Amino acid sequence: MHSSVGKVLIFALPVVVIAWFWATALMERRRLGSLAPLGFVQRNGVAVATYLVLAVALWAVVMIVLPQLFMVDLSFRPKLPPPQVGGEKDVYTLANYRYFLFGSATDTSSWNTTHLQAFGLTIVASVLITAFNFALCYPLAFHMAKAAPAARVRLLMLLLIAPYWVNEILRAFAFRILLGSGGVLNQALLGLGLIAEPIDFLGLDVGLYAGLSYAYLLLMIFPLYNAIESLDTNQIEAARDLGAPWWHIHLFVVMPHAKPGIASGCTLVFMLTAGALAAPLVLSGPRTLWFTPIVYDRFYQAFNWPQGAAYAFILLIACIVFVLTVMRLGRLTLGEITR
Amino acid sequence: MAAAVDLSHVTIRFGDFTAVDDATLSIEPGEFFSFLGPSGCGKTTLLRTISGFIEPTEGVVRIGGEDMKGRGPNARPTALIFQNLALFPMMSVADNITYGLRVRGVSRAERRKTAERLLDLIALPGSADKRIDELSGGQKQRVAIARALAVEPKVLLLDEPLSALDLKLRQHMRNELRAIQRRVGITFIYITHDQGEALTMSDRVAVMNRGVIEQIADGRTLYTAPRTAFVASFVGENNGFPGRVSAVDGEIAAVETAVGVLRGRNLRKLRVGSDAVLYVRPEALVIGRGSELFAGVAQTAAFEGTLTHVTFATRGDRPVTLTAAGRAAEAIPSEGEEVVLGFDPASALVVPAEGGAHA
Ligand SMILES: Nc1ncnc2c1ncn2[C@@H]1O[C@H](COP(=O)(O)OP(=O)(O)O)[C@@H](O)[C@H]1O
Ligand SMILES: [Mg+2]
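Order-wise, the sequence lines are chains A and R.
The first sequence begins at 1 in this note's numbering and counts up by one.
The second sequence begins at 1 in this note's numbering and counts up by one.
Hint data in this document are derived by calculation from the structure and do not stem from the laboratory.
Careful, some of the hints might be misleading.
[Unchecked claim] One side of the interface only, derived from the structure: several residues of chain A facing chain R at Cβ under 8 Å: (1) Asp200; (2) Gln235; (3) Ala238; (4) Arg240; (5) Gly243; (6) His257; (7) Pro260.
Here the structure is a predicted model, which is why all the values come from computation and not from measurement.
Glycine included, each C-beta is placed from N, C-alpha and C at the ideal position.
Next up, chain A with everything else stripped away, as it sits in the complex (with noise of 0.2 Å):
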């Protein structure tokens, strides 16, 4: 029984909602009358119309609703050899979630503190470095948007695009041979004498940070470059024009104006920083441990899935939490955004 409530979930959420949206345009159509501009429908005939809604519909169903409903679901399911799945073992349970909590599916007694710490971490550090992205990012792509000549700023994108081309391993292991204890930097430092013996970047996790914060710096700097260049330069000469310091115009008429942007890099950079893989599987240090790595042991060293999907829904959760926050305390909606 509990399966098929599980399965009607899965199957009538997504119709429900292309309904609701249906019903939505069609009383917007109705309480528009001939004033409606000429539909897509009436434009592109019904075949082309039919077949846009379906083949959207599909795709959106199967390849973002349907799996993630699944690992909802499978996240509250007990891990069960095949041939119990879906037998009466298969009931509905919070035991993936108690594992995360205490560290064990029945007791309560003790903290599950490798974990939470693990994932306490994951969200500051990634709070951090979405700080330190946008600080690193605002004074450049306030640069580019409005000091920097036309040519400059061509050259700067391609210096900032580039290193992109190369896949997120390969850099990942790039900042491994620069960091690590026989690298670059340490071969350089020893060669000038400022330093006796190397030092152990990777361990103290220099190589981690310095790593995550470069990953998703073009998602950071391409939002803020596009909000100020929006912004009339007459507004900051008029502003300086009435007296005000530099720091004044930037903090009362810059970023208000490109609040937008500065929440959507921000908002992008957390989350994919607090879901990276590759940077912290190639340069964390032995004691760190990020949270994603954990969530892929879950699946693919414990060979439990419903506890990975546990520990992966708990990170979603979090960073849509983290959205809404930044998106209230903004006071922003998520049309502004995505703009």
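Put chain R with the ligands on the given structure of chain A with help from the hints.
Just chain R with the ligands now, kept in the frame of chain A:
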């Protein structure tokens, strides 16, 4: 008392291009001073130099007697109103107006009082908490003025502030601006390519052409005694007859033109043989009278109520316009009719040809 603004041999270059060439002038405290010239003649550049956004390549800018060299726009006692106003759309009307005070650390309550006082001044009471995009074009215009006045500048600089408004509103805002200037009593420096605006509002006008200030005078003088061919043709309608000075007799010079020898006042004291242009205003031309006469064939007549404008083809390469008012308009020749046009030497002016000797 020191001049409000004093420019001394100010030249501004962008690379090889000279945007403002050797501008020297002095603007009195409380004066409404305009720069008038066609688009691209360097007006905005000069205004930005006074407000501190551009350092002059050569020359000195003084405000209230002080050399402004090295002082940025935030350290000058000027306020600039931008061509597109540049109000802050994410702030309320009151926050826009008092932005400059907030920068100076004025308390919220104090700012509110100032905002309300200025909103009264610009005749927009009760709009303090509106958003900028709720205002009409004319209202935005006034908020921009209030924002600039809030920092109590010694000099207010206005860059074609009315150009975005429709005709009716523009006429109204002219009077409004002048009235505001009288009320606050500070120096206004106004930029425009519209001679109507410049002449109606200003105490004095500087006419600019290709980076050069050609003449500085009050509107009446610019109209009746332009010093250069550019000023004569740019300010008001005018009929120009290019030629060469053939005789000089005291105040009067004779110019050999394509339509014959014509005489006019020689205020620039041109000598015989110099290239010159003789200018006659359309309203100074009459049919069949006057001492200076030439032939013309009537082409088109534009009846405008009180005034009628008639164009004539002559032996010169440009058509000549005659403006008749009231009863004189009844005697308009019909199209194709050949008539003799005339004027008085006292109502015509001889100026040096453009690019010719500036005697
Ligand atoms: N920053 C600049 N660099 C190069 N040329 C400029 C710059 N600013 C203005 N100019 C040039 O100077 C001339 C005068 O411009 P401007 O002062 O804006 O004219 P106006 O306000 O009278 O229309 C124009 O030909 C313009 O192209
Ligand atoms: Mg201009």
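Cross-check of the supplied hints:
The restraint placing A:Asp200 at the interface with chain R is violated, with a minimum CB-CB distance near 48 Å, outside the 8 Å limit. A distance limit of 8 Å between C-beta atoms decides the matter here; for A:Gln235 the minimum to chain R is near 5 Å, and the interface restraint holds. Interface restraint check for A:Ala238: the shortest CB-CB distance to chain R comes to about 4 Å, inside 8 Å, so the restraint holds. Annotation: interface hint on A:Arg240 holds; nearest CB of chain R at approximately 5 Å, less than 8 Å.
The restraint placing A:Gly243 at the interface with chain R holds, with a minimum CB-CB distance near 5 Å, inside the 8 Å limit. The interface hint given for A:His257 holds, since its Cβ lies 6 Å from the closest Cβ of chain R, which is under the 8 Å cut-off. Residue-level restraint check for A:Pro260 is violated (minimum Cβ-Cβ distance to chain R is 11 Å; threshold 8 Å).
Hint violations for this structure: numbers 1 and 7, all remaining hints satisfied.
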